[in-house]
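*Asks:* Here's the letter readout for the chains.
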Amino acid sequence: MRFFTFFLIALIFIACQEGVSPADGERESFVSGKLIVISGKSSWPSPDSAKELRMIVVPEYPPYNILSDILEGRAYLSDTLPRFIDTIPYRVKIQKTPMETAYILASLRFGTIIQQRMIGFYKKNLESKIPDKLYIDKGVYLKDLDIFIDFYNLPEQQPIK
Amino acid sequence: MKKQIAIFLIILFSPIIKSLAQVQLSGYVYDKVENRSLPGAKIQLEGTILGAVSNNDGYFKITKIPKGNYNLMVIASGYETYKERILLLSDTTISIGLKIKEISKPEVVVTASRRMQSYEDVPLSITTIDQDYFKGKNYFEMKEYVNFVSGVNVSADNISIRGSSGFQFGAGSRVTLLVDGFPFLSGDIGEANLNIISPDIANRIEILKGSGSALYGSSAMGGVVNLITKEPENALTISTQVNSGVYTNPKYEEWKYTDNIRTKSNITTTILANNSVGKLLVNAQYINDESYRMFNRSNKINFYGRYIKPFNGGKRLGFFAFANYIHSDDAKYWKGAYNATLPQEDFDLSRRIERSRFAVGVDYLSPIGLNSFYQIKTSLYRTNFESNLPKTDNNYRQSTSYSNFNEFQINHHLFKNSMVTSGITIINNWVNSFQYGDRKQSLFSFFTQGEFSILERKLEATGGIRLDYDVSDSSENFFEISPRFGLIYKIMSGFNIRTSVGKGFRVATISERFSSIRAGGYTIEPNPNLSPEKSWNFELGTSFDKEIFGWSWFIDGAIFYTRYQNLIEPQFDTNASTPTIRFRNIANSEIKGFDISIRTRPHKNFETNFNFTYLDPLDLNTNEVLKFRSRFYVTSGINFTYENLNLSLPYKFVSKIVKVEEQLRFILKDYAVRVPIHLLDFNASYNFNSSKLPLEVTFSVQNLLDYYYIDLVGNLAPTRFISLGLKYTFQK
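In the order they appear, the protein sequences are chains A and B.
The working numbering applies: residue 1 is where the first sequence begins, and numbers increase by one.
The working numbering applies: residue 1 is where the second sequence begins, and numbers increase by one.
Any given hint could be a false lead.
Each computed EDC-like pair below joins lysine to aspartate or glutamate, with the alpha-carbon atoms no more than 20 Å apart [stated by the list, open to error]:
id: 1; chain 1: B; residue 1: Lys230; chain 2: B; residue 2: Asp132
id: 2; chain 1: A; residue 1: Lys123; chain 2: B; residue 2: Glu345
id: 3; chain 1: A; residue 1: Lys138; chain 2: B; residue 2: Glu345
id: 4; chain 1: B; residue 1: Lys656; chain 2: A; residue 2: Asp24
id: 5; chain 1: A; residue 1: Lys34; chain 2: B; residue 2: Asp393
id: 6; chain 1: B; residue 1: Lys656; chain 2: A; residue 2: Glu18
id: 7; chain 1: B; residue 1: Lys659; chain 2: A; residue 2: Glu26
id: 8; chain 1: A; residue 1: Lys34; chain 2: B; residue 2: Glu662
id: 9; chain 1: A; residue 1: Lys138; chain 2: B; residue 2: Glu253
id: 10; chain 1: A; residue 1: Lys133; chain 2: A; residue 2: Glu60
id: 11; chain 1: A; residue 1: Lys124; chain 2: B; residue 2: Asp348
id: 12; chain 1: A; residue 1: Lys124; chain 2: B; residue 2: Asp393
id: 13; chain 1: A; residue 1: Lys93; chain 2: B; residue 2: Glu662
id: 14; chain 1: A; residue 1: Lys133; chain 2: A; residue 2: Glu156
id: 15; chain 1: A; residue 1: Lys124; chain 2: B; residue 2: Glu345
id: 16; chain 1: B; residue 1: Lys659; chain 2: A; residue 2: Asp24
id: 17; chain 1: A; residue 1: Lys93; chain 2: B; residue 2: Glu345
id: 18; chain 1: A; residue 1: Lys133; chain 2: B; residue 2: Glu345
id: 19; chain 1: A; residue 1: Lys93; chain 2: A; residue 2: Glu60
id: 20; chain 1: B; residue 1: Lys64; chain 2: B; residue 2: Asp91
Here are some, though not all, of the chain A residues that point toward chain B, as calculated from beta-carbon distances under 10 Å [as the list claims (entries may be wrong)]:
id: 21; residue: Glu18
id: 22; residue: Gly19
id: 23; residue: Val20
id: 24; residue: Ser21
id: 25; residue: Pro22
id: 26; residue: Ala23
id: 27; residue: Asp24
id: 28; residue: Gly25
id: 29; residue: Glu26
id: 30; residue: Ser29
id: 31; residue: Phe30
id: 32; residue: Ser32
id: 33; residue: Pro89
id: 34; residue: Arg91
No wet-lab data here; the hints were simulated from the structure.
Computed from a prediction, not measured in an experiment: that's the story for all the values here.
C-beta: ideal position from N, C-alpha, C; glycine also.
Input sequences plus hints: build the corresponding full structure.
*Replies:* Spelled out as structure tokens, the structure:
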């Protein structure tokens, strides 16, 4: 009899366990891929001119005011990425979704925080001069968004404010 | 002089005189309580090849027995094994009354020594699943039965015994899967997949915990799962079962992806025939699973046929044929915990995969004299899988493998109360694969094991060694020596202590050495120079089988320690520019722990069991817990039987996986989400046999509490499933 009492208590205990739920998931979305330096490792600017590399996901292109967008949670930054190599994986967390329009840019800081140079952006058509617009739904993980970088032929610079 | 000549002649012709002095043993086997005859009981003179099976009247006869003392053993399904020391000096007729088994417990096993022996003579931890366990459960797949065995976890298609395996990306099983002693391991990925075999062919399943490499070689370093198929007892038995059920809707709106009912259905037919031509087992199974997850549907066909032709003098020739075909969606991981029933973001909705497996084999057993026999086995196992994508697609998969197994085994009595089992095994694997290339691998092995009984059979000692030579066309060759020693001391009837120590090893599979895959944001790169992984396993255990205060008890416990060297695990290359996985030999790790299993029958209608396993898996390189391992495993259950009604409530708990691979974040969303496993099933069955209607109705609710947990990594485990089954059995 004691065993059954124990078994019943155990069952009630188990029934109270929640297990996995949607709340365990990261509500944020992610974009990821690689930066592929097609001009080769040796084409990197000198360390003085390549102080920090990050990915930026912005809601409009050309970006109007990145700093303000970041502060207000409309644009998203990756962690700092390795430099001076030819293939660099990246991952950016998008906190507020769905993001109706998103452009993925690679930005290299050459001086102070506002001294940035756009060295590449995500586009499906390699001949295109402008980045592709993406729709980022909630809770998605967009992968293989590879970006090709040619230091000898950088994209037309947009004013990064 | 005349006297000397007479003595010489007696010695010279003693074998003839001995043969003239043969006797016979005959008799009846019956149910002691109901006083009815028992057909199909196996009557065996232990340590000899002499034996018989009782007929429909329970009658048996064993002839040509040399005079002497024997251990008589009688085994019948659902009954306590009967043992008696018997002196045969003239033709003898006996009646053997068998008692119905009070509690489900192992009686005889074949896996520990490659021959049938009493469970109490085995110095290793073995769990058996027998007909009592199968009874009344509405499970369609073998995995669902084995998953409730203490210390065993079956995730996806990967079997882990006492934490032997973690997350292997589907490659390289550390557990050998055998069907009647034939290995079912694919030649390319070394997969041991339980779900390709219909549960309806199983008479019992033996699960050897701890290294079995000394007898079974590579891949048995974590243990052995040996499925023993049914042998027909009656002239003809045909059974057909139809089962169907529905997955209930998930509790969370976010996980509801369809308004349609999702079903899983099964139809199985089994034919067992026994006549003068031979013994036949044929089984065919079809399963259609619409799944509880989107794009996870599958259709499966299993076929198994076995034919045994007995000859005079105890010789027998056997054949088997096996086929399995699975056509399924090819979603690997979830979209995330928020969308746990949807496939990964970049999943191509048209992506399907076809898998097929075929095997044929022949075995021949022949006695050599009275006490010895030899056995020859040969089989060919072909596996194939191919996705429906173009070859240019990163996710395209294709591999065809052949595994040819050949074995010669001899069991020989060197002297009284001893048995030596020796043999040679040759395994050849050929692989033709898009991602592994064209490869060949051969394994040549010699094994020998001796068992000796001393102190009037109170102490049984086992010692054995296996030599393996692995030859591969594209990597280094390896030579392995795997010894094992064991002792079991019977303190009194039903109470013993045992200890064993043994070495295990596993040669890297072709897929671990040569995988070259780029998909889903990661790359698997080859590592042809993988060395075999090795282990030393120590165990000290005890077994207790007694009646106390009117209750029958079976208690089995063991403490164990396994030290691994060169363990082959998938490792992320942190220096690589993209998420890159390589199978590598990580230096040293250990798993120590203990397990205990208790079964009792507090009331004639109730049987309960409780099994607990504790593991401490440690990566000795980092001094951190081994990845993808849990610490605690509990299985428990209540069975209630009243006349033809059978109810059972099996329960399983596995504590949360302690550590996962952090680099999985590049591959998978919510890779680190993990919870303990609480799995409770309910099974009910009613057998109409008593009303002369050979029909059994079963009802099951799997995952009764609809508790959500993860199947290893990035996969929601099955949600609640309610099913009904009908089984019709025709017997002649």
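*Asks:* Honestly, which of those hints from before does the structure not fit?
*Replies:* none
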